[in-house]
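The listed protein sequences derive, respectively, from chains A and B.
According to this note's numbering, the first sequence is numbered sequentially starting from 2.
According to this note's numbering, the second sequence is numbered sequentially starting from 735.
Here are some chain B residues pointing at chain A (derived, C-beta under 7 Å):
(1) Ala754
(2) Gln755
(3) Glu758
(4) Ala761
(5) Ala762
(6) Leu764
(7) Asn766
(8) Ala767
(9) Asp768
(10) Tyr772
(11) Thr848
(12) Phe851
(13) Leu855
(14) Phe862
Keep in mind that the hints were calculated from the coordinates and are not lab data.
Note that the coordinates shown come from a computational prediction; the quantities given were computed from them, not determined experimentally.
All C-beta atoms, glycine included, are put in the ideal place defined by N, C-alpha and C.
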Amino acid sequence: MALFNIFNIAGSGMSAESVRLNTVASNLANADSVSSNPTTAYKARYPVFQAIQASLMSPGGADPAQAADAAVKVRGIVESTAAGTARYEPGNPLADANGYVYSSNVNVVEQMADMISASRSYQNDAQVLETSKSLMLDTLKLAQG
Amino acid sequence: MPLELNAYLGIEPDALTVYAQRAEVLAANLANADTPGYLARDIDFRAALAAAGSSPTGALQPTTPGPADPSGASTDGTQVSTEQFLKYRVPLAPSLDGNTVDSQMEESQFAQNTVRFQAALTFLENRFSELTTAIVGQ
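Please model the entire structure based on the sequences and the hints provided.
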């Protein structure tokens, strides 16, 4: 039944958005982390979302281009390739031979915007779930007086 | 003359099925609101319900009956399909990553679909209470 599939679809959306919130939390927490080497400096992480058709997983399922049941999954986490900044801090215990420390490439403003976007999408999915649940309960109560 | 219950209930059970499948499509759009390259879709409701009304039994025509795909089974066990009525949405403001989901619009369509589903439920409820009145007779 279609309404049951909504639980899986909205659930997959909520789980994907929570992974996104997790990466935002990790990025924000490490925004001020420094390192003595540009390659070991913290890099911002981003999840990659991908639509999946549930019917693809069952053998002989419907044509994936036609099926309606598109859930979402996190295909992987990628690290940002943006350059971090080097700061001259000779007093820092992590400074290299020239007195530089290398900070992460996290853009805090971008992360905050990403957080709001993830939170809104999560709310949408939760709302869909709630609505579908009440529709199913209404249907169950049909013709019971 | 015996009462044909399916005919008595009219088109509402089919409408409920189409509403439920449309809810699924809209939920998939909302779940993929942040997926790059995802194309939003919707069911052509008028065509889907017209197909339901034109078939002799009033039910949606089974298209690909198969045990492998359990989605959308109708009351008589054959598969009901609205897949042929799935259309891609024309985006109002396409985004750079190829995603055509407009969350606000999908949300409002979902709310509208919910109200219509509940209306169909109310009509069915009234049908059943009429039937109960006829049976009990008071």
